[in-house]
Each structure stands twice: as structure tokens, then as C-alpha cells.
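Residue numbers (the numbering used here), protein chains in the order written: chain A, 5 to 437; chain B, 110 to 360.
Check before you lean on any hint, since a few could be wrong.
[Stated by the list, open to error] So the derived list for chain A, only partly shown, Cβ under 8 Å to chain B, looks like this: (1) T210; (2) M215; (3) V229.
Just so you know, the hints here were simulated from the structure itself, not pulled from any lab data.
No experiment lies behind these values; they were computed from the predicted model shown.
Note that beta-carbon positions come from the ideal geometry of N, C-alpha and C, so glycine has one too.
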Amino acid sequence: MSTPAPATVRALELEKTARAQRLRRYGVWIAAAAILVGLPHVLRTPVAIPVMNQMGIAVVFALSYNMLLGQGGMLSFGHAVYFGLGGFIAAHVLNLAGRGVLYLPVPLLPLVGGLGGLVFAALFGSFSTTRAGTVFAMISLGVGELMASSALILDKFFGGEEGITTNRAKAPALLGLDFTTDRHVYYLIAFWALAAAAMMSAFSRTPVGRMANAVRDNPERAEFVGYSQRWVRFVSFCAAGLFAGVAGGLFAVNYEILTAENMGLSASGSVLLMTYIGGVGYFIGPILGAVIFTFLQSMLSDYTGMWLLYLGILFLATVLFVPAGFAGVLMLHAPAWRARRLGRLLGPYLLAGLLGLVVAVGVVGLLEMIHVVVSAPTGRTAKRLFWMTVDVRTLWPWLAFATLAVAGAVGLRWAAPQAAKAFTEASRPVETR
Amino acid sequence: MTPAIELVDVHKAFGRTPIIWGLSLAIEAGTRQALIGPNGAGKSTLFNLITGKYPVSRGRIRLKGEDITGLRPYAINRRGLSRSFQVTNLFPRLSVFENLRCSALWSRGYGYSFWHLVDNARDVRERAETVMEQLNLTARRHVPAGVLSYAEQRALEIGITIAGGADVILLDEPTSGMSRSETEHVVQLIRQVTAGKTLVMVEHDMSVVFDLADRIAVLVYGKIIAHDTPERIRANAAVQEAYLGVPQGAG
Chain A
5 MSTPAPATVR ALELEKTARA QRLRRYGVWI AAAAILVGLP HVLRTPVAIP
55 VMNQMGIAVV FALSYNMLLG QGGMLSFGHA VYFGLGGFIA AHVLNLAGRG
105 VLYLPVPLLP LVGGLGGLVF AALFGSFSTT RAGTVFAMIS LGVGELMASS
155 ALILDKFFGG EEGITTNRAK APALLGLDFT TDRHVYYLIA FWALAAAAMM
205 SAFSRTPVGR MANAVRDNPE RAEFVGYSQR WVRFVSFCAA GLFAGVAGGL
255 FAVNYEILTA ENMGLSASGS VLLMTYIGGV GYFIGPILGA VIFTFLQSML
305 SDYTGMWLLY LGILFLATVL FVPAGFAGVL MLHAPAWRAR RLGRLLGPYL
355 LAGLLGLVVA VGVVGLLEMI HVVVSAPTGR TAKRLFWMTV DVRTLWPWLA
405 FATLAVAGAV GLRWAAPQAA KAFTEASRPV ETR
Chain B
110 MTPAIELVDV HKAFGRTPII WGLSLAIEAG TRQALIGPNG AGKSTLFNLI
160 TGKYPVSRGR IRLKGEDITG LRPYAINRRG LSRSFQVTNL FPRLSVFENL
210 RCSALWSRGY GYSFWHLVDN ARDVRERAET VMEQLNLTAR RHVPAGVLSY
260 AEQRALEIGI TIAGGADVIL LDEPTSGMSR SETEHVVQLI RQVTAGKTLV
310 MVEHDMSVVF DLADRIAVLV YGKIIAHDTP ERIRANAAVQ EAYLGVPQGA
360 G
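Extracted from the complex, chain B is given alone in its bound form:
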């Protein structure tokens, strides 16, 4: 089966500082995978390479078998890949509803249309409403995203990512800065909205990682040192040494 995402010998350097070197990784379609690693290992950089925010220095990236190396973020998004950001990245002056509606427009085929009225686009409205419901933000429908609480903004961040219906979803630290109960809610939300899709997430909370992930990739200093099931990762000596330190009791 064609992997959802395939990285072949990817290199990335900023100036003379190499961040990623010789990284190869295949993400199987329809799985939930976590990308873990110490701070500065290059996790966010890897996300930025896959989604087209930064160009790679060398190597190829394929999405569902199609070469996407060097494409702009919008072109990659149109091929069915969507991402969230570690630092909340919304449309602050637009309402919650508008944020979600704007995120669903392209995939519903509206493009750069100036001959439709968005209010008449029933499919987009219904999609935005469904996502708003899933996020538990229906009561905040008209509130500008910029004045939402932190947890609500983090939820909307995921909502914008999934509203377009992409089948490959990258979440960058979806639970960062959240309380225990908020995290539990978000984990449930992620499980629900990524059902049947491919999920890759960067996450520091090990209980979330072991709870959600089918497979875990460990990134240390620009290289994948292990990519395996949670049980095997937990037992992997190299991973324990490089990252986990002592075996964790979670999961």
C-alpha cells in the first residue's frame, strides 16, 4: 500500500546549521502516529518541510505517492494534507464560524469565486456547523477568534485544520499548555475527528502519545532513531537513553 507520507533522504539546513539530515520515513495510510523527540530535535522543522512552509535542502517528499517536494503550502493542502500549529494561528478578527467556513471553502470547490455568496453555500455552512459542534464552540459562534480563551483557541486551531476534510492531518503539539481535563477532551476530539484518516502529531505529553498512537517515530538530532509500535518503543534501549530517560508508567 502507498504510504500517506513518504520522506526520502530529506536534508534541511538553515545557513550552515543542519537541522535534519538524511531522514527517511514512511507513514502508513490510515494510522495514527506520534513524532516524539527532545527539544530542538527538529520535529517542528520536519512538519514545516512536509507542509511546504520551508523548502527542503535535499531529498524528496511524497504525499499519497505523489511528489510534493517544493510545492507551496496551498498546493499541498489542496492535495489533502492539513496541519495545525504549535503556536495558535487563527484568523483573529473573524468569528469562530467564519474561521471554520473559510477553512472549508477550498475543499468544497469554491476557489476564488466571486459569483457565489458564502451565505448561500449550504454545504460549507453545514460543514462549519458540524465542526463547531464537535469542538463544542457552537455557543461561541459569533465571537472573534482573537478573544476566545486559550483552550477554545486551541480547539479552534484543530477545527480549522480538519474543516477542509483533509485525509492526512498533522497536529503540532495539540495539547500544549492545557490542563488535565482539557487534554482529555482534546484527545477525545482528535480520536473522533481523525477516524479513518492518517494522523501525525508532535506531542510532549507521553500519556497522550501512548494513548493515541498506533506507531511512534523518535526523532533525535535530525534523525529518526526508531519507528515502531508503542510497546516496542517503550522497550527500545536507544530511545530510553536518548529521550525517555527512565521508562514511563503511562498508557
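Only chain A is shown next, with the shape it has when bound in the complex:
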């Protein structure tokens, strides 16, 4: 056998790395499927399944939002419109199916939601994607406001203040699945979340998905390599509307009720927050963001009336300190991981984390006490905080929490640069001889 030419060797190597990449990619999806199947058997608390259902819906919604923001560079303030419309349409169709007007088993309902989202995204996208940047953002805000107020006016369709209720148990059963338990719904959501995520991931690797990145980076140049920036944005917008509608359909199945709130500005704001917190630059970002956001939302709201404030602080902290989001922070550690130096970071990170926790305890304590002073019913001055009960009329808890906050912050000022130094050290490329 003769020695192959260098070019052939390189082509073979590229082929090999491409195959390894494909294998790793499929591996990730198979692992995700396995985890999703196993989770309900591991987490056996009664709240776990409803929270995971909510997470699954949020993941699909956030991923669809990132098709606009992260991949297409379109900042939308009205993405919940497509989620909500998809959900309302799915709820109406489910009611029709329940009355036997048409045959549609529940597992296919998210497709109906997706179709609804797609149709309306095509309608509103036809004029909102003509421009990028501020103009796009303003139009999305206008459409969001328009639909939120229409929801209260067109009450035949949107059900006014009460919204539209539906009943998934009345629809025809498919293969004996009647969706009377949360667990059935969990598997339905898990299936669609995985399928939708896989399709969105695939979309980012299609020609138009790649051109969405190119148009985001430089719309002018994209036009000079043959692509209309407007069409590229329009196609992304429709795809994002489709998957938002799928999430809306899942919402209709899970909660069996949709209200105007689901397509309002605060719902649009939430999806922006969770996507940003997770990290817009990575496919995994919105998934992390949706999981973290939903977890905090459902856990914190059990403990405090101020959970929105804490989410707001988390968002501000993300924008200010880690604009690349959680996924961005994780990815920053790839070099250290490859150099097998992650272990060295454990100490400095633990110390900084601990001090951060001290600051958080101090600040949360103060905020909660202020909350009691400002808005508790008259006469109630005691508040259960962390592991103790404090009385806001006494001085010591104020002093104690303030001390914790200040001392923690001072400590952090010293520990944070240490952690940063350790990070730089660990990320240095390995010296090759």
C-alpha cells in the first residue's frame, strides 16, 4: 500500500473528528433521554413532578426565545404572544376533542399549539422582521401590548379575566394513556421537550440557522453573500414562534387553563430573564436558565413573598458580573477542565462561595425584616428567618444581619481576587515540550 497524500490524511482525520463529534452529540441526547425517564423514579417528593413539568415547558419556551435573542440577535419583548396563542388554540382544540367534534389524542396537542404559534409568528413576523435592533424590539413590545389588551377584549376566544379552561381527561385516550396523573403528563412533556430541543438544536445547524448567526453578526455582509437579512430573520422568527407555540400547547395540557396573563408582558419578561440568566451564547444556556429560574420561582415563592425581588437581583447580578450567563461561566472552565486542574479551584471557589453565602444571608435577612416592617399586618412583628424567629422591634437582628452582610462583603473583596487568580492559573495552557 502506498503512503496516502498529506491532503488525504488530513481529510481522513477531519472525517474522524466529525464522526467523534456526531457520536458525542447523539450520546448527549441519549443520556438526556435516560435522565428524563429516570427522574420521576429518583425524585419521589410530591412537589417534584409538577415542578419538573413546569421546567420542561419553560425549557422549550426559553430555547425558542434564544433562537431570536442568542442565535438571531433579535431582542423580543413579546415572545409570550406566540406561547399564549399556541396555548389558547391548543386549549380550544382540546375542548373540541373532548366534545367529540374532532379526533385528537392529547399527546399530539403540542403540535396544534406549534401550528398556532407558527401562523401568528408568520403574521406578525412579516412586518416586525424588516428591521433589526431597536426597531424590532419596539415592534415586539407593541405587538405584545396589543395582544395582551386584545385578550381582555375578545373574550369569546380568550375567556376574559377567567381565561379558558379545558380538560385533558375528556379527550380520546391513545394506547391507554388518559393523562389523569401528573406522571403521565410528565412523560408527555419530557418527550416533547426532548424532541423540541433536538429539533431546535438541529435548526441551528441548518443553512438558514447558520445564516441567522451571520445576520446577527453582520446583516450588511450577509446581503453581500446572497442572503436577504429580512428573510433570514423571518424564517428564524417563524421557527421561534412554532416552538413557543409547542410550549404553550404543553402548558395547556399541564395546567388545563390559559389566561391573558400567559401572553402578557411579564410572561415575555420572564422568558427573557431566564434565557439571559442561563446564557444566550450557548445552546445549553436557556435550558439551565429555565431550570434555575423555575426552581427558584417555585421554591422561593413557598418561603417568601419577595421572590420576584430575588429573581430581579439574580438577573441584575448576571447582567453586571457574568453577562455570558451560567452556561458562559461553565464554558469558561473548559480550559481548566482539559488541563485537569479543576480540583485546584475547589478551595478558592468554596471560600468565595461561603463568603457569598454570608453576604446573601445578611442581605436577605435585612430585606425580609424591611418587608415585615413595611407590609406585614399591624401588630405582627415576629418573623421566622432561616433557623430562628426574629422580632423586628429589637435591635440585635438588624445589627447581626448588617454585620454579616458587611463582613461577608469585606471578606469577598479579598477572596474573589484569589479565586480569579486561581482561575487564571488553572486555565493556562499546559506546557508542551
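Knowing the structure of chain A, use the given hints to seat chain B on it.
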């Protein structure tokens, strides 16, 4: 033979300021031509008119005999005309490879497809790799374009222009800001990648102009005052007066 580019009585004014007036020019297919002229003569404006970035105020522009007046840049690009920019104009967050692959997608027929995966598009990948090789950027394959060195960005600028395989290529000051050796490399690159194609370039470096061009058009204050072979341009008294000042020794 039909000219690759033909401008007929083209006018362009910004507000009340005329930049180009009554300009007619025919670029013969398969030639390398240089467009020279003093600063502010309207060279870049002319490029922007031909490529559809700006609409003309009056006149017609034809590409390979076809009227392209008033078409959008992407429509003109799809008819086989591609350009580079004087100020580097890349996809900064995409890798070198992605920059080239995106530039080759349309001409390979992928359009707005969401039913192909780019990784499976062998023809596009091979095209991007060939161009990357020609640019000497293979080692920088995964680097985001925004963090390349200036010379590398200028090379990629040309790469994006040619990756789609257009047969009419417009280069706007391809060697600006480059050292002597970098310029020599780029001239070689241009010669290689435009073989058999029509090239029009704006260039200030006279040695590059006289080295590459088959013909030279001289633009002064919105008008072509001469369009001829390099030897004749060098000898042209009007050109010397308007632009070259004293005859140059290069070439």
C-alpha cells in the same frame, strides 16, 4: 462581447451634493481592472452603486448584459457579483471556517434551507476548506474572525468575497494598511483567486495597480477621465495632472 459590468450615464447625489455625474464605463469580461483616483473622487461610492448598497439617482447598471439597476445587494450577488470592503466587514463571532462556509452557502444552492444540516453539505465544506487553504488560514480554522490579526482579517475579507464563486469580483482597497511583504502576499492571492474572472479593484498602491491591472480607469470628481492600458495611463497627460502628479517609476 458583452461587458461584465456596464454603467450608462450613472448619476449619484447625496442630498444636493453630486458625487457621480454622467459616468459611463464598460468593464470587459475576464480582465483585471483597477479604479484609481484622488481621495473623494467617488471610487467607493461607485462600488456601492454597482453592488446595490446605494440606489443610483439616474442611469442604468448592467451585469453581464442584464439590467441590475435598483436591485438589492443579495439579488445582485446571486447574479454572480461579489465585493469586499475597504473597512473590514466580517462575521466577527463566527469562526474563520464558518465565515467562509456561510459565504459559500447560497451559490451552492442551499438557500434558506432548514432541511439540510450544514455539516453534511460536503460541497460547501470542501469549498470553505479550499479557500481557507488559499488564504493560509487553515491553522486558524476555529478562531472567531473578530480576534484575528489585521492582516488575517484582510485576507478573510477577500476569502468571503470569493468563497461563493462569483465571476465578477470587486475589491475595495485590498492591500490598505498592509506591510510590503503582506501586500506582496495579497497580490499573489488576488492573482490566483481571480484567474479567469473579472476583477475590478480600488487601489491606492500604484505598484499593485500596475502589477495586476490589464486596464486602469481614472475617476476624478465623479467622472472617468481615462480608461486605458497601464502604459497609456502612465503616459496620459490629463491623468498625470489630475492624479499622479509626477510619473511613477513602479511596474
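Numbers of unmet hints, in rising order: none
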